[in-house]
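Chain by chain, the residues:
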Amino acid sequence: MNALTKTASSKTQALTLNPDRLLPSDPTQRAIARELYEQVKALPIISPHGHTDPEWFASNAPFSNATELLLTPDHYLFRMLHSQGIDLASLGVRDAQGGGGLDADGSRKAWHILAQNMHLYRGTPSHMWLSHVFGEIMGFEQCLDAHTADFYYDRINDLLATEAYRPRALFERFNIEVIATTEGPTDSLEHHQTIKESGWTGRVITAYRPDGVIDADREDFIDNLKRFSILSGEDVFSYDGYIRGHQNRRAFFKHYGATSSDHGHPTAKTLNLSHAEAKALFDKLLSGKFTTDDSENFRAHMLVQMAKMSLDDGLVMQIHAGVWRNHNAKLFNHFGRDKGADMPTPCEFNGNLKPLLDLYGNEKDLTVILFTLDETTYARELAPLAGHYPILKIGPSWWFHDSPQGMLRFRDQIIETGGFYNTVGFNDDTRAFLSIPSRHDMARRMDARHLAGLVSEHRMSLEDAADTIKDLTYNLPKAAYKL
Amino acid sequence: MNALTKTASSKTQALTLNPDRLLPSDPTQRAIARELYEQVKALPIISPHGHTDPEWFASNAPFSNATELLLTPDHYLFRMLHSQGIDLASLGVRDAQGGGGLDADGSRKAWHILAQNMHLYRGTPSHMWLSHVFGEIMGFEQCLDAHTADFYYDRINDLLATEAYRPRALFERFNIEVIATTEGPTDSLEHHQTIKESGWTGRVITAYRPDGVIDADREDFIDNLKRFSILSGEDVFSYDGYIRGHQNRRAFFKHYGATSSDHGHPTAKTLNLSHAEAKALFDKLLSGKFTTDDSENFRAHMLVQMAKMSLDDGLVMQIHAGVWRNHNAKLFNHFGRDKGADMPTPCEFNGNLKPLLDLYGNEKDLTVILFTLDETTYARELAPLAGHYPILKIGPSWWFHDSPQGMLRFRDQIIETGGFYNTVGFNDDTRAFLSIPSRHDMARRMDARHLAGLVSEHRMSLEDAADTIKDLTYNLPKAAYKL
Amino acid sequence: MNALTKTASSKTQALTLNPDRLLPSDPTQRAIARELYEQVKALPIISPHGHTDPEWFASNAPFSNATELLLTPDHYLFRMLHSQGIDLASLGVRDAQGGGGLDADGSRKAWHILAQNMHLYRGTPSHMWLSHVFGEIMGFEQCLDAHTADFYYDRINDLLATEAYRPRALFERFNIEVIATTEGPTDSLEHHQTIKESGWTGRVITAYRPDGVIDADREDFIDNLKRFSILSGEDVFSYDGYIRGHQNRRAFFKHYGATSSDHGHPTAKTLNLSHAEAKALFDKLLSGKFTTDDSENFRAHMLVQMAKMSLDDGLVMQIHAGVWRNHNAKLFNHFGRDKGADMPTPCEFNGNLKPLLDLYGNEKDLTVILFTLDETTYARELAPLAGHYPILKIGPSWWFHDSPQGMLRFRDQIIETGGFYNTVGFNDDTRAFLSIPSRHDMARRMDARHLAGLVSEHRMSLEDAADTIKDLTYNLPKAAYKL
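So the protein sequences, as listed, match chains A, B and C.
Each residue of the first sequence is one higher than the one before, counting from 1 in the numbering used here.
Each residue of the second sequence is one higher than the one before, counting from 1 in the numbering used here.
Each residue of the third sequence is one higher than the one before, counting from 1 in the numbering used here.
Keep in mind that the hints were calculated from the coordinates and are not lab data.
Values in this document were obtained by computation on a predicted structure and should not be read as measured data.
Where hints are given, some of them may not hold.
[Said to hold, decoys possible] To give a feel for the contact side, a few chain A residues facing chain C, derived at Cβ under 7 Å:
no. : residue
1   : L22
2   : H75
3   : R79
4   : R122
5   : T124
6   : F140
7   : Q405
[As the list claims (entries may be wrong)] A short list of chain C residues far from chain B (calculated; beta carbon distances all over 10 Å):
no. : residue
8   : E35
9   : G98
10  : G101
11  : A146
12  : L159
13  : T194
14  : A329
15  : G340
[To be verified] Here are the simulated BS3-like pairs of lysine-lysine, each with C-alpha atoms no more than 30 Å apart in a straight line:
no. : chain 1 : residue 1 : chain 2 : residue 2
16  : A       : K308      : A       : K109
17  : B       : K478      : C       : K11
18  : C       : K11       : C       : K196
19  : C       : K354      : C       : K41
20  : A       : K364      : A       : K354
21  : A       : K364      : B       : K354
22  : A       : K6        : C       : K364
23  : C       : K109      : C       : K11
24  : A       : K470      : B       : K41
25  : B       : K109      : B       : K478
26  : B       : K289      : A       : K354
27  : B       : K354      : C       : K289
28  : C       : K308      : C       : K478
29  : A       : K6        : C       : K109
30  : C       : K482      : A       : K6
31  : A       : K6        : C       : K470
32  : A       : K279      : A       : K226
33  : B       : K308      : A       : K478
34  : B       : K364      : C       : K6
35  : C       : K6        : B       : K470
36  : B       : K470      : A       : K41
37  : A       : K308      : B       : K354
38  : B       : K308      : B       : K478
39  : C       : K330      : C       : K226
40  : A       : K109      : C       : K470
Yeah, the Cβ is synthetic: ideal placement off N, Cα and C, and Gly gets one too.
Chain A on its own, in the form it takes in the complex:
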């Protein structure tokens, strides 16, 4: 491992959020970028895809403490600390059985670990997101380091105890017009029900993510089906009942605002099985005796079925393909899923999507939004596909690439073939609620920057750029996600 041992510098740095941050340093470009950014910086946040917890807005209970709010749930932060040999347990990450967790002392110690290792985040988006949270939302004027760790910890905890830092107050302060959470068919949507009945006007909607009942490779597949059966009121252990179960739950999700479904598959494979083939395959999966090809084929088949249902009920499809989940075997065994050990994989779309495209590619009432972690597909597959097929749109740069340079590569490689109007604006895609304003602000600044480059080089008029950035920020996500 050989991590470099760093000693804290003697003097804490001032925390400044320069108003021109992320804009180009060239004065010509900066002036244009500023002008463009000014036009969108105060627009409401449209958040059509993410992972915030609806319970926050249902209960409106105060957040607990700095570590539990900002460090323990943020896989960007703890994966980097893990890479330098720091144990996840010391950061409050619970084991797969829910054991572990930190007491007050442990929680403060974890915060110190973060403070002492802030240099690890230099040049990463996490550094900028945290700085925004600390400076803009919390009002700190000095950086987090070993000297200021306690001051930060205490003050954040004090703030979180106030009314102004409760979830709904922050939602309103953040100027969120609409936010989508992500739930599975096995979720009762009780928190969404509570929100709906509460009279609070914040618009929090759900999205239908059925991976847990589609992916037979999951260890909890059969358990999920049992719950799916109960909630849908259908016998989902028969293929026809299973399909009706989805239709049923999709309708229920629509009742709680859902305008989209979301599909996180290992690949983008689609398959158009006959009813008899699908039924036989489904029965095989239920028997527990199946190959990885079988489970892959069923996922592929279900993408086509979901597209078919979307033609009926109007939900927009999102496909987030190409992740090797839980790559670290020992970590998975001890801590369970989603612990910062997911890895991107090469991804293929032209062949994988063809069965779906052959059926529905030219439909005018269907939208399929594609996301990738394999940036080689931006110019080679996604832009040519979305620049041709009416149903296809390209989702924003995702996950590891949801960063300043990641956004520039996205724009660089996609726009010339796909155009701006086959993209859908920004997703924050986060469970880190406090980082949402920072993430949207970053996206707006990067769009301003990209467009300023085009304007300064006389590749686009200033009028067109001003119109485009408003579309990217507000109109495109609303139109694409039917919000």
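Mind docking chains B and C on chain A? Use the hints.
Relative to chain A, chains B and C alone:
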């Protein structure tokens, strides 16, 4: 689909072609780029590979109207409109049987569709190419939009009826020193004959593209062979006659100026079959009972045979590999080939070219120019290969990547390993005749820009940069293509 | 081939090494970059991986002449000349049997070939490295071209005959704190022994590169094992003795300063075979009757074994994966290995490294440094892997990508996910001794440039940037390689 509905802005924008367009905004770099661009902007156009129609120059008949000249044949334009749910038929695209097409009213309506959707092309090279055609060649001073659509349509049609806008007059106005069209062995080259005999001094040459008689996967393969037999005077249904047929037609094409052959294969695979193996494989293809491996192997074998013939007759080989043609099944069934539904594929060269390179890689009298739509091969395969093998050169950024950012990625990823002198300058590769000056101008500006970056950062002397840009614009394509 | 024939320009250009070379032209960024560069430009050189010849420092004999020192051994230079049809023999490259080589006249002629073809290197790092050697180390004030070729040749030879240009004097002038060479287990390390016993204080250490006795596909595998047996004193033709032989030689290499091993495999595949499986596979390889899968599996198994040994003896592992060696068959048959015909291949890490990571991925006392020639893996695999696994670090941009733009792509695609502190600073990785200062200087300038971009856009504080560049230059390589 959910296309964003845009209303026209109240005011039409002025159409300006800034003299510094595409040059960097940094003043140091811009001044150098300007100086470099000045040295090449008026050089004659060398167009060694493209798809203009020789009939234009043979007949010198006036072009018909704005829609038929600028929209209907331009797959960059109509694929983008299709991606937003606009039917190809409404744009004048004829079906596979030649049906459809537009009357005067439909043609004007199609032009309005383009005008109302110009925002889709923001940030794409089509926007810049069109602006150049409208501003520089047609003299418009306002942008095309819903308000100006009729004015544009009428005025373009008026211009096209004048002598100055006939094909030969434009050819001369564009300062084209030489242009190559692309024909198959089944083409009689009658138009080239007409041009040659006409006394007109414009240099229009052909290039030998034998895909239609090499690719047994094509639905018209046998029909093509029949015509190939008639035109070559050889029995091309025997393997030896087939080979002689190619030799015969290559000689005929050379008579009409051809200096190159061109090969558009799904992959870059090459194969060195024995005469007996080749004969057996060819007979199998003729029988109609063959696998996709068989047809792939025959294409691979024929690349080696074409290289062998090039050693005899001196034609330069071009390989345009890695396209999934006609990806949209329904569109292909209705409209036929080449309707904007071709998709790039991952492409491999090191292994695929090895049989050819093992035979001829170190020859001094053979040139093979490689093109790719898979940009991951720029730095990983093409630059190392061309930076080593004497026969290999790298063709310019192709098709979807023939754009400002595409050209920058090409330069960024190729030059440091391959050097400028293993590249061959620019190809316009277009059937959009009026866009040719714009495309060459774009390439010259992007080269000026790239070199200005190197000069401003003291990575290259200004003298070397000035010498290099002249080579890229004029000397390299002439040398590489033996023009 | 059709190389462009260039005539020498009438006037030789002045050779100037601008103090701001490689820094951005934007004045804001340049000022910051200068300030950052100033802080590291004089730091000692840490060279933890390279291919200099220890005999130079053992014998301290003068280098022979310009051609033999600068041209004949530099595959960057001669591969480019070869790509333009110049025979390697004319450049002094000896054939596989050691035949060929140049007399005094031939050596001077070879130098003239280089001088006349300097335009081929425009825009390549070789041009900048040579300029640094000529200007900074040799004191030339005019560029090398056809006019100055003789003057250069004679003057370089004169300089090389002086004390100041002997290997040890240059080592000290270059301010090298430590340099690692690379030797195999079949090397006696006699030169390292000579250096150690000489009393000279220059720190020249070895590194353990066992490919020659691990890769059964090599034509010299059995011969290498014989010598391995003699030097290790173990019966390496039995699997257990073979493993002991490695342990034995690693200890011997550590005695001569080694802190690392290095593994140049065609892929990054790892495999955890049982003792019985490994023994059986090894015996199969020795029998000579084996498949390419067998040899691949043995290499994969040995990577895991090497990791296991590293846990015992502390050597840092380097994996340089993904090269198709000796791609040019005719060249290999005539001239042998390492003649500029190696090609990068697509490389996969997530799956290939999993067996090793499942065993040792979370260890705190193991470091594995990964290198790639497939830049698509930077953001998709290497940064996510190294940003999670404690044992993994990312080596600097390698070989073809060890260039200004290559370094920018590395930083662009790795830092946002992997962070600076999962990288290990710079490797020069060269046998071109005189280019070492230039290569390190280039890396420092590019780091200054990259960081200046972040600072000028308010994405990082100047204090953090100054601290980071010192770590990248000096502290990170020392820590990562335990120097």
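Each hint tested on the structure:
| no. | hint | result |
| --- | --- | --- |
| 1 | L22 | 6 Å, holds |
| 2 | H75 | 9 Å, violated |
| 3 | R79 | 5 Å, holds |
| 4 | R122 | 5 Å, holds |
| 5 | T124 | 5 Å, holds |
| 6 | F140 | 15 Å, violated |
| 7 | Q405 | 5 Å, holds |
| 8 | E35 | 17 Å, holds |
| 9 | G98 | 21 Å, holds |
| 10 | G101 | 21 Å, holds |
| 11 | A146 | 14 Å, holds |
| 12 | L159 | 24 Å, holds |
| 13 | T194 | 36 Å, holds |
| 14 | A329 | 5 Å, violated |
| 15 | G340 | 6 Å, violated |
| 16 | K308/A x K109/A | 52 Å, violated |
| 17 | K478/B x K11/C | 26 Å, holds |
| 18 | K11/C x K196/C | 50 Å, violated |
| 19 | K354/C x K41/C | 40 Å, violated |
| 20 | K364/A x K354/A | 17 Å, holds |
| 21 | K364/A x K354/B | 46 Å, violated |
| 22 | K6/A x K364/C | 17 Å, holds |
| 23 | K109/C x K11/C | 21 Å, holds |
| 24 | K470/A x K41/B | 37 Å, violated |
| 25 | K109/B x K478/B | 43 Å, violated |
| 26 | K289/B x K354/A | 26 Å, holds |
| 27 | K354/B x K289/C | 26 Å, holds |
| 28 | K308/C x K478/C | 22 Å, holds |
| 29 | K6/A x K109/C | 54 Å, violated |
| 30 | K482/C x K6/A | 15 Å, holds |
| 31 | K6/A x K470/C | 12 Å, holds |
| 32 | K279/A x K226/A | 18 Å, holds |
| 33 | K308/B x K478/A | 59 Å, violated |
| 34 | K364/B x K6/C | 17 Å, holds |
| 35 | K6/C x K470/B | 12 Å, holds |
| 36 | K470/B x K41/A | 45 Å, violated |
| 37 | K308/A x K354/B | 46 Å, violated |
| 38 | K308/B x K478/B | 22 Å, holds |
| 39 | K330/C x K226/C | 29 Å, holds |
| 40 | K109/A x K470/C | 29 Å, holds |
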